[in-house]
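K.L.:
One letter stands for each residue in the lines below.
There are 2 protein chains.
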Amino acid sequence: MNQLEKVYKHVDDNLDDHIEKMRKLLMQPSISQTGEGVIECAEMLKDWLGGLGCSHIELAKPEFHWPIVYGEYYFAADKTLIVYGMYDVQPVEPDLWRVPPFAGRIVERPPFKKVVMNRGATNTKGPMAALLNALESVQQAAGELPVNILFVFEGEEERGSVSMPGFVRDYEQRLKRADGVYFPIGSQDQNGLAQPMAGSEGILYIELETDGALWGRGPTQFGVHGAMKRILDSPAWRHVKMLSTLVSDDGNTVEVEGWYDEIAVPSEEDLRLLEEGYRKSMPALEVFDPDLLKEVMKVKRFKGDLDDPKEILLEMLFSTSFNLDGIWGGWTGPGTKTFLPHKVTSKHNIRFVPNQTLDGLHGKIRSHLDDHGYGDVELRKLGGYTWALVDHRNPLAEAMYDTFEEFGVKYSINPPVANPIYTSPAWPAYLFAGEPLELPIVGGSLGHGGLAHSPNEYYVIEGCDAKYGRVYGLAGAEKSIASVLFHFAAR
Amino acid sequence: MNQLEKVYKHVDDNLDDHIEKMRKLLMQPSISQTGEGVIECAEMLKDWLGGLGCSHIELAKPEFHWPIVYGEYYFAADKTLIVYGMYDVQPVEPDLWRVPPFAGRIVERPPFKKVVMNRGATNTKGPMAALLNALESVQQAAGELPVNILFVFEGEEERGSVSMPGFVRDYEQRLKRADGVYFPIGSQDQNGLAQPMAGSEGILYIELETDGALWGRGPTQFGVHGAMKRILDSPAWRHVKMLSTLVSDDGNTVEVEGWYDEIAVPSEEDLRLLEEGYRKSMPALEVFDPDLLKEVMKVKRFKGDLDDPKEILLEMLFSTSFNLDGIWGGWTGPGTKTFLPHKVTSKHNIRFVPNQTLDGLHGKIRSHLDDHGYGDVELRKLGGYTWALVDHRNPLAEAMYDTFEEFGVKYSINPPVANPIYTSPAWPAYLFAGEPLELPIVGGSLGHGGLAHSPNEYYVIEGCDAKYGRVYGLAGAEKSIASVLFHFAAR
Chain A
1 MNQLEKVYKH
11 VDDNLDDHIE
21 KMRKLLMQPS
31 ISQTGEGVIE
41 CAEMLKDWLG
51 GLGCSHIELA
61 KPEFHWPIVY
71 GEYYFAADKT
81 LIVYGMYDVQ
91 PVEPDLWRVP
101 PFAGRIVERP
111 PFKKVVMNRG
121 ATNTKGPMAA
131 LLNALESVQQ
141 AAGELPVNIL
151 FVFEGEEERG
161 SVSMPGFVRD
171 YEQRLKRADG
181 VYFPIGSQDQ
191 NGLAQPMAGS
201 EGILYIELET
211 DGALWGRGPT
221 QFGVHGAMKR
231 ILDSPAWRHV
241 KMLSTLVSDD
251 GNTVEVEGWY
261 DEIAVPSEED
271 LRLLEEGYRK
281 SMPALEVFDP
291 DLLKEVMKVK
301 RFKGDLDDPK
311 EILLEMLFST
321 SFNLDGIWGG
331 WTGPGTKTFL
341 PHKVTSKHNI
351 RFVPNQTLDG
361 LHGKIRSHLD
371 DHGYGDVELR
381 KLGGYTWALV
391 DHRNPLAEAM
401 YDTFEEFGVK
411 YSINPPVANP
421 IYTSPAWPAY
431 LFAGEPLELP
441 IVGGSLGHGG
451 LAHSPNEYYV
461 IEGCDAKYGR
471 VYGLAGAEKS
481 IASVLFHFAA
491 R
Chain B
492 MNQLEKVYKH
502 VDDNLDDHIE
512 KMRKLLMQPS
522 ISQTGEGVIE
532 CAEMLKDWLG
542 GLGCSHIELA
552 KPEFHWPIVY
562 GEYYFAADKT
572 LIVYGMYDVQ
582 PVEPDLWRVP
592 PFAGRIVERP
602 PFKKVVMNRG
612 ATNTKGPMAA
622 LLNALESVQQ
632 AAGELPVNIL
642 FVFEGEEERG
652 SVSMPGFVRD
662 YEQRLKRADG
672 VYFPIGSQDQ
682 NGLAQPMAGS
692 EGILYIELET
702 DGALWGRGPT
712 QFGVHGAMKR
722 ILDSPAWRHV
732 KMLSTLVSDD
742 GNTVEVEGWY
752 DEIAVPSEED
762 LRLLEEGYRK
772 SMPALEVFDP
782 DLLKEVMKVK
792 RFKGDLDDPK
802 EILLEMLFST
812 SFNLDGIWGG
822 WTGPGTKTFL
832 PHKVTSKHNI
842 RFVPNQTLDG
852 LHGKIRSHLD
862 DHGYGDVELR
872 KLGGYTWALV
882 DHRNPLAEAM
892 YDTFEEFGVK
902 YSINPPVANP
912 IYTSPAWPAY
922 LFAGEPLELP
932 IVGGSLGHGG
942 LAHSPNEYYV
952 IEGCDAKYGR
962 VYGLAGAEKS
972 IASVLFHFAA
982 R
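Just so you know, the sequences run in chain order A and B.
Counting in this note's numbering, the first sequence runs from 1 upward without gaps.
Counting in this note's numbering, the second sequence runs from 492 upward without gaps.
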């Protein structure tokens, strides 16, 4: 019995205990937008790292919002990994859930006999607990971890990871000891296909606001009676007119000057990877299933006239988008209150790709507003980070493919800048991939979860067979995490 | 001592008691949009009418929302008046008030030593209580009312008076005994100038909604992850694009085809009234004070390049407007949730004038949407009624002018279709002015209130001297109401 087999047996023998430990972490709310339970959750993780024998455990960088749980398991191994995770979760709307969202309920969700349904189950406290369980099993069954680990569990990913840049700067000397960054999340979709993640697209999140006080027209301090529209300008109509200059009539082309100028994807190599795959992976173009995507999102068709699977996939992986995430202003209650509002606000998330830049796009939006006579419209940056190009052939990613192949799991590799297609969990990969760390990255494990950010978020406890083979449950997830560490150590 | 003088003395002698009765009515919430206290308030008015000796008292037409309190004081007088009032009030945002909004607080509000500050104080439960107090004084001091009265107090004016058309139809035989309709509200502005009201502009209140389910594009059942904008159409952008077709770039000209075709105001006579006045009234053009209007609304300038007082006044009195009252959709909470919403909704109140029609404008909006490719956008009519042209020389209005002149109050008369400039309280005058009743109408009394629909709504209890003479308090309001009834009876 080799070391990994001993670990796998330990996982199987202790699965009930591992489930309970995961449920305990999930049942502790940690909503970074409201602060509910965040510190308690951080303390819980700190204790867990202490139990593993970590040193240098601390709650770092609490000066903005919520701390990063940092700890080191640093001993005599040749290689060192940063394990990144996010312990904060999105707010919940309990009325829309079929279970209480923080009760750690184990329920049936066909085709799965057992999933844990809880906010954060898949994004990402479930996989985080799987990793910590797996490390315990490695210690107890194999005696020692195959790699040194630097734990970086952030508590404000859902608020745009605002403390992470400062953290990476301040902890550079510690972090640069690493040979790679591992982000344990469930890689499998409901068909059993695994899609590891590596790089990331870029995100810019802004608010636009038209305010009579800044415009100098219409109501300036409060909304007035709607009948006054006869003699007053309307900041609300102005906001609509301003917004309508930003995109084409169909809403699908950004009309900000120079928006598309720097785009340099896909490369020839990207296209070859899509069409041919790498190692034993299935080519992304071969496995891409537009109909499944439609079914998951309950949509009837894709934007414009997009119908060809390859074209859809290329848009999905390489396009830039300017979304209208939310808009509000004036009287939004029931009935017929006549009201001329003094301001209207809208939220927009922008996705961008190489070689567009965060500051460049922000500047182009500002110039567009100024050039179109909307110099008074406020443009507020709420968050964002740039894309990360991560080579899919990096040694940590290769270890991940080793694991998939060891378990006989079908997998598909997206091009360097793209997120997994169905889950799209953008994350600040650039912090590790870019200067000064420039580390190889991979994200993934066996296992499957879904409905991140939505009601009834879940993570599979007991797997089942599916189109591409087995969808693994918690035991498989933990085994695969151990496997990645051993494969990486052996390379 | 003539009868009116006895009434005036009775009002003065019983003012404290009258204030308490008014406070009791104000302190009973009656929010028609939520239902809070509406029935209790209707019962309170029913009891009050009973105390006056009315017959046929009933809570009529409760089948839609809230009842109309109906009662008859019908005896041997030669003339009969319908007294119209609204006992429902707008919702409150208590945090924005300086006093609890239903505590009936008597407070100082410079230049007034005593006002009652309460939701509904001026719109219109304060003046309604003044009328009921005045009638008690008439009964007790003069023995009998000078006119028969049919009381019509509706409880859903703030919901668009939806039961009133059916009420007028069902009660036609009773109502047609009337010789006029009197609507007691405070006519004086803070300068002491009185502006009686008679006719009304028309209102159409609509909601527009763009829904992916009806469009057949983008998310159809729920919002999806914002990153999906790369491959999905956006109902939110579509709503913006649709809205932007409705008005000109400056938001001030309606671009719906044929919108302005039927407009037939102002007439020569309207303009003469504005410039010359009638009887001892001050010409509206002479008293119109754009700077005061700016100060009240805290605005810096009027729409577009409007600067000439006459032009501003004409827009205020005779123009049509298409307002954006409110808009909402998608993620409107804090932070950076990336979200592609499946629908966006906006509210719009439209003001219109002779000879535009309610159904005509509604149809033109529908045609505009259809012609511009927005056939799937939902157009919902939430409420509305047409304009009422009421001759400013009608016998009841003449009685009102008699009263103003008796009290030495300066007054100004707006053209037939226009509301008072500063308060703009649109009301369903057309129900009484149009077929089948075709009754003369006047609205007004001495007294002043303000901030209808806003926090800190108030009604003056103790008057003071001002630019145009005395602003009267509650006693003056009650006396003037008695005076109007006697003058009307004597004509």
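By construction, these hints were calculated from the structure, which means they are not laboratory data.
Computed from a predicted model, the values in this text were never measured in an experiment.
Glycine included, C-beta positions come from ideal geometry on N, C-alpha and C.
A couple of the hints might just be wrong.
[Stated by the list, open to error] Under 10 angstroms between C-beta atoms, here's a sample of chain A residues computed to sit facing chain B:
#	residue
1	G37
2	Q173
3	T336
4	A426
K.L.:
The structure should be examined with respect to each hint, and the outcome stated for every one.
P.N.:
Hints, verified against the model:
1. G37: Check failed: Cβ of A/G37 comes no nearer than 17 angstroms to chain B, outside 10 angstroms.
2. Q173: At about 31 angstroms, which exceeds the 10 angstroms cut-off, the nearest Cβ of chain B leaves the hint on A/Q173 violated.
3. T336: Hint on A/T336: holds, closest Cβ of chain B at ~4 angstroms, below 10 angstroms.
4. A426: holds, 7 angstroms
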